[in-house]
Amino acid sequence: MPDLGKYATEVMASYAVSLVLIVALVAVSVWRARSAKAALDAVEARIKRNG
Amino acid sequence: MIALLSRDLALAVRAGGGFGLGLAFFLIVVVLVPFGVGPDEALHARIASGILWLGALLACLLSLDRIFALDFEDGSLDLLATAPLPTEALVSVKAAAHWLVTGLPLVAAAPVLAILLNLPAMGYGALVLSLLLGTPALSVIGTFGAALTVGIKRGGLLMSLLVLPLYVPTLIFGAEAARRGAEGLDWTTPMLMLAGITCGVIAVLPFASAAVLRVNLR
Amino acid sequence: MIALLSRDLALAVRAGGGFGLGLAFFLIVVVLVPFGVGPDEALHARIASGILWLGALLACLLSLDRIFALDFEDGSLDLLATAPLPTEALVSVKAAAHWLVTGLPLVAAAPVLAILLNLPAMGYGALVLSLLLGTPALSVIGTFGAALTVGIKRGGLLMSLLVLPLYVPTLIFGAEAARRGAEGLDWTTPMLMLAGITCGVIAVLPFASAAVLRVNLR
Amino acid sequence: MASVWEYANPKKFIETTDRILPWVAGLAVVTLVGGLIWGFFFTPADYRQGSTVKIIYLHVPSALMAINAWLMMLVASLIWIVRRHHVSALAARAAAPVGAVMTVIALVTGAIWGQPMWGTWWAWDPRLTSFLILFLFYLGYIALWQAIENDDTAADLTSVLCLVGSVFAVLSRYAVNFWNQGLHQGASLSMDKEQNVADVFWYPLIVCMAGFVLLFVALVFLRTQTEIRARRMRALLARERLS
Amino acid sequence: MELIADNLAVARGGVRVLEGVSFRLAAGRALILRGPNGSGKTTLLRTVAGLQPAAAGRISLDREAMAYAGHADGIKAPLSVAENLTFWARMFGQAGIDTALTAFDLRGLADRRAGTLSAGQKRRLGLARMIVTGRPVWVMDEPTVSLDASAVALFADAVRAHLATGGMALLATHIDLGLPEAAVLDVAPYRATAQVGDAFDADFDEVAA
Amino acid sequence: MELIADNLAVARGGVRVLEGVSFRLAAGRALILRGPNGSGKTTLLRTVAGLQPAAAGRISLDREAMAYAGHADGIKAPLSVAENLTFWARMFGQAGIDTALTAFDLRGLADRRAGTLSAGQKRRLGLARMIVTGRPVWVMDEPTVSLDASAVALFADAVRAHLATGGMALLATHIDLGLPEAAVLDVAPYRATAQVGDAFDADFDEVAA
Ligand code: HEM
Ligand SMILES: Nc1ncnc2c1ncn2[C@@H]1O[C@H](COP(=O)(O)OP(=O)(O)OP(=O)(O)O)[C@@H](O)[C@H]1O
Ligand SMILES: Nc1ncnc2c1ncn2[C@@H]1O[C@H](COP(=O)(O)OP(=O)(O)OP(=O)(O)O)[C@@H](O)[C@H]1O
Ligand SMILES: [Mg+2]
Ligand SMILES: [Mg+2]
Chain G
1 MPDLGKYATE VMASYAVSLV LIVALVAVSV WRARSAKAAL DAVEARIKRN G
Chain V
1 MIALLSRDLA LAVRAGGGFG LGLAFFLIVV VLVPFGVGPD EALHARIASG ILWLGALLAC
61 LLSLDRIFAL DFEDGSLDLL ATAPLPTEAL VSVKAAAHWL VTGLPLVAAA PVLAILLNLP
121 AMGYGALVLS LLLGTPALSV IGTFGAALTV GIKRGGLLMS LLVLPLYVPT LIFGAEAARR
181 GAEGLDWTTP MLMLAGITCG VIAVLPFASA AVLRVNLR
Chain U
1 MIALLSRDLA LAVRAGGGFG LGLAFFLIVV VLVPFGVGPD EALHARIASG ILWLGALLAC
61 LLSLDRIFAL DFEDGSLDLL ATAPLPTEAL VSVKAAAHWL VTGLPLVAAA PVLAILLNLP
121 AMGYGALVLS LLLGTPALSV IGTFGAALTV GIKRGGLLMS LLVLPLYVPT LIFGAEAARR
181 GAEGLDWTTP MLMLAGITCG VIAVLPFASA AVLRVNLR
Chain P
1 MASVWEYANP KKFIETTDRI LPWVAGLAVV TLVGGLIWGF FFTPADYRQG STVKIIYLHV
61 PSALMAINAW LMMLVASLIW IVRRHHVSAL AARAAAPVGA VMTVIALVTG AIWGQPMWGT
121 WWAWDPRLTS FLILFLFYLG YIALWQAIEN DDTAADLTSV LCLVGSVFAV LSRYAVNFWN
181 QGLHQGASLS MDKEQNVADV FWYPLIVCMA GFVLLFVALV FLRTQTEIRA RRMRALLARE
241 RLS
Chain S
1 MELIADNLAV ARGGVRVLEG VSFRLAAGRA LILRGPNGSG KTTLLRTVAG LQPAAAGRIS
61 LDREAMAYAG HADGIKAPLS VAENLTFWAR MFGQAGIDTA LTAFDLRGLA DRRAGTLSAG
121 QKRRLGLARM IVTGRPVWVM DEPTVSLDAS AVALFADAVR AHLATGGMAL LATHIDLGLP
181 EAAVLDVAPY RATAQVGDAF DADFDEVAA
Chain A
1 MELIADNLAV ARGGVRVLEG VSFRLAAGRA LILRGPNGSG KTTLLRTVAG LQPAAAGRIS
61 LDREAMAYAG HADGIKAPLS VAENLTFWAR MFGQAGIDTA LTAFDLRGLA DRRAGTLSAG
121 QKRRLGLARM IVTGRPVWVM DEPTVSLDAS AVALFADAVR AHLATGGMAL LATHIDLGLP
181 EAAVLDVAPY RATAQVGDAF DADFDEVAA
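Chains as they are written, first to last, in my numbering: chain G, 1 to 51; chain V, 1 to 218; chain U, 1 to 218; chain P, 1 to 243; chain S, 1 to 209; chain A, 1 to 209.
Chain G on its own, in the form it takes in the complex (with noise of 0.2 Å):
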């Protein structure tokens, strides 16, 4: 861990608060994607099955 001197605390927040943003903003797009993919699948299966 460096040191950080007496600005420790913003350092820190700007990491924190970007890396959350980030990490949440990424975490939403996988998560759209992934139910989006299982979504259209499910409804394209049912159709072929269908006819």
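If you're looking for bench data, these hints aren't it; they were derived computationally from the structure.
Just so you know, not all the hints are guaranteed correct.
[What the hints assert, rightly or not] Some chain A residues well away from chain S (every beta-carbon gap over 10 Å; in silico): (1) Ala9; (2) Gly13; (3) Thr86; (4) Asp111; (5) Pro136.
[Said to hold, decoys possible] Straight line, CA to CA, 20 Å or less: simulated SDA-like cross-link-like pairs of lysine to any residue: (6) G/Lys48 to P/Ala235; (7) P/Lys12 to P/Pro22; (8) G/Lys37 to G/Ala27; (9) P/Lys11 to P/Gln185; (10) G/Lys37 to G/Lys48; (11) G/Lys37 to P/Ala111; (12) G/Lys6 to P/Ala111; (13) G/Lys6 to P/Leu236; (14) G/Lys48 to P/Ala238; (15) P/Lys11 to P/Leu236; (16) P/Lys12 to G/Ala27.
Note that the structure is a prediction, hence the values are computed from the model and not measured.
From the three backbone atoms N, C-alpha and C, an ideal C-beta is built for every residue, glycine too.
Model the placement of chains V, U, P, S and A with the ligands on the given structure of chain G, informed by the hints.
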């Protein structure tokens, strides 16, 4: 009553009209003020609490016409009036839904927007508390105004005209409490007055709103 | 085109929505500001020109949804779209009607309301001139926003969100010109920029509005 | 070599991006994590700004991407208007939330940085102000996409908004500059980099910027796929209801 | 239970349009109002349903007994068909919406956003609402507007089912509803002629006389 | 002049509802569209009137030739009946509104605020608007909704007068319009079945195929 409340919340979320946009308007008013008065930050700090209160008030005001107008236009209000639900309950539910959708998000957003206007750090507590106490009054009074103008096509601006004077006491005490907080003074008195107004208004005004609504639906 | 303009003006007057209410809203915003920021007159004088511009802008903004929404709801807009009138002309007429009904009265009322906010005497000229030059841009830009959101029920707040960032340049130059006037400085540059924006916007934006309106009426 | 327009076919687009997405995503993770670790752990504190200089590794790349995302949306909107390729409209739609989050990161890190440097969270500096306006444009753009049901209508409207918005964003930038001369750093990415940022900070910064670019590309690919699938599904369900 | 209108006068926009209207509607019976455009059918129905006060005369049941369906259906476009109906069922304290969905053949549309329905489908949804009110008196203004022949038959069946449970129906229409058993009342003869407009006018005349 | 629809496909909400619709309408003739609720009549009429683009096929006349009357009448409540009509007459560059007023028996109501009309009176005003457009093709969606028998007769006369001057009329309805001479087209057989939804889906299927 719960059915009505949950329908109104669902509609607010579904129609994309609810939270997001009231908030956005608040944000935008706050953002535009510096463009209007110039980039002097000391000046911003002085007017910050007042502008935030004013912005919250306007954001509330603008969403008032959704309270009844949509239901009136598509005939739901006629049908609701014949449903087994006292009109007082109807207007109270409508006011509650309005507050949940508009007032509460404003309270939550105010501290963030206060940063933009350089509100002094010690002012945050009083600001949030005053908004939390004051916005329910804004919703209830607004519901009264909306009930008054419900039959009028695009009554939006007329309603603003009627409602704004009614908002004055709430605004005065709310903004005063917030300003005293920002200046580090004692804010108990205006805050108590504000709380008093809110309680009084919640207790009494729904009867007036219901009476007015019944007349308008006749 | 004249038929449309005169009908819109007649409707604005007849429905009690037009002049009166835009003005009233302007008045009320200006009146509420002192309650928000407290009773310090020197402070009022400093923020007067900015608040007046902001009030004018909000009054304009609030009346935007009348531009198309009423005609959309009752089906007139479909019929107008099939009438022998290019959509560009339609949106221009609508913008002109909006300005006549909202912008012009605001310009006329601003000096009176400036008294309430203790605007320094030398500021009146620049204030009125900047509003006269700026409000047409507000109407034209607003018409674009209204055309974008015409199909959306109660698109009012969404429209505010879309329009306000577009209003920023106009507001900055307009308020800057007015402020410089009030402080006795030279205001030629911002006034020229304002005039430039207005001309540019009038020349180009109707095409965008017409395109967007055609899409929405499809 | 086939024309690039072939990738405007949604199915083809999904197939192609499925193949390259893992690589882009992997590379993004590697550069981003590498750059940030380098910057955070292995660079010295600045003699003037102390350790706060480490914020630059988040602040500058995110600011950069906030603007570039909008530019990408502008290009995609133009492609939609001119050639009406659905994928480009959906890509613009997919990019908007990413750009908005980037804007938020730039704003938040800047605000946190401002506290020690300028003694204030927020100042109405031109660059900061125009970023705030950019954020509003993102919000409006996203809200408009969500408010309209018909996908083609929404694509048409949002792309015109993006065009008009871009013009006004530039105009706002000039207006804001005129209105207030700011405190903010000038551009440090100019050719004579030595003048502004020392090499020790500069190299990890470049890696971070590359990481953000790759992250953006990966996210846009992924999210565009999602939008395509969602739209396809809406169409299928609607069809099914009819038959 | 019986719906009795006794010497009813109804007004719109401060002007009396009908006067001296009396009728009785026993449980299990339907009454159809007829009359040319502008004769006052809508005004009469709104008065009976308790949406506006009568200018004179009285109605034996109060509005807690009535379910009204006018030209506007009170349908929320963003909600689905089932959500719209469920809402009204809950408002009126009723349990299920199944009967209503079946009666108007809305099962296939239950998950559709109400805003995307065609004119006739919307109307069917509006009519289905009557069933979930559980109210004894149905007051309906031109209920079959926009309905095709098979939907009109569904409507007639629904009304008959309602009457069979002891309900009543008061309907205004210009076209055939497929309810030959219903009594018909032509409102044209009751057109208002007396010059007394409202309480204010009456006060005036009193003094003048 | 002739209105030819050639292999038309129409879509609503991104979904095709009708396909392969072809018809010819010669000057002086009327065509009535029939079909159950939700079959796509409204969508077809809006497409023919040029209010929405066709998904496929073509229409021989462009929208400058059409006058459309849908469910909404475009009536401004604060204006009088005469003012409403005059406005449309001026928009379409026509001179007088007298014929229109007479044709729909609106003389007595000319100075009334349109907002105070009854449902049928409003509808008559909406129909009178067609006359002042001076357009050759009348495209009308359920024009006689809310009209009483005598007003339906007025409507039939107005359509006949329009046809007599070489006009055309395309009407959708569920009920009798009193126009036995008009040809009838049932749209039910043209219900869309093909799998192509829109341009986006077409792109999709192309590669899959
Ligand atoms: C909320 C506040 C802030 C915002 C919105 C903001 C925004 C920006 C933007 C838009 C850029 C431009 C990136 C580019 O053009 O490539 C930038 C760069 C930069 N900012 Fe900030 N900033 C903020 C606060 C700060 C603070 C407080 C500091 C430190 C004192 C700072 C230091 C820098 C530096 C060093 C750069 C790099 C200069 C460059 O590459 O152009 N910023 N910031
Ligand atoms: N403000 C008003 N002033 C004068 N007359 C009015 C006013 N409002 C309504 N009327 C008239 O009252 C009469 C009754 O209207 P109502 O809607 O009850 O008729 P209706 O029988 O339902 O007609 P329709 O069959 O056309 O629906 C109409 O002739 C109408 O023009
Ligand atoms: N967004 C949508 N998604 C799926 N289907 C839709 C959508 N919007 C409309 N529809 C369907 O399209 C069909 C065509 O509707 P249209 O209004 O043209 O019917 P119509 O023949 O005029 O019916 P009516 O006689 O009831 O007026 C209807 O079945 C309707 O439910
Ligand atoms: Mg009626
Ligand atoms: Mg239809």
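Checked hints:
{"no.": "1", "hint": "Ala9", "verdict": "17 Å, holds"}
{"no.": "2", "hint": "Gly13", "verdict": "5 Å, violated"}
{"no.": "3", "hint": "Thr86", "verdict": "22 Å, holds"}
{"no.": "4", "hint": "Asp111", "verdict": "14 Å, holds"}
{"no.": "5", "hint": "Pro136", "verdict": "26 Å, holds"}
{"no.": "6", "hint": "G/Lys48 to P/Ala235", "verdict": "15 Å, holds"}
{"no.": "7", "hint": "P/Lys12 to P/Pro22", "verdict": "17 Å, holds"}
{"no.": "8", "hint": "G/Lys37 to G/Ala27", "verdict": "15 Å, holds"}
{"no.": "9", "hint": "P/Lys11 to P/Gln185", "verdict": "45 Å, violated"}
{"no.": "10", "hint": "G/Lys37 to G/Lys48", "verdict": "16 Å, holds"}
{"no.": "11", "hint": "G/Lys37 to P/Ala111", "verdict": "38 Å, violated"}
{"no.": "12", "hint": "G/Lys6 to P/Ala111", "verdict": "17 Å, holds"}
{"no.": "13", "hint": "G/Lys6 to P/Leu236", "verdict": "59 Å, violated"}
{"no.": "14", "hint": "G/Lys48 to P/Ala238", "verdict": "15 Å, holds"}
{"no.": "15", "hint": "P/Lys11 to P/Leu236", "verdict": "15 Å, holds"}
{"no.": "16", "hint": "P/Lys12 to G/Ala27", "verdict": "25 Å, violated"}
Going through the hint list in order, the structure does not satisfy hints 2, 9, 11, 13, 16.
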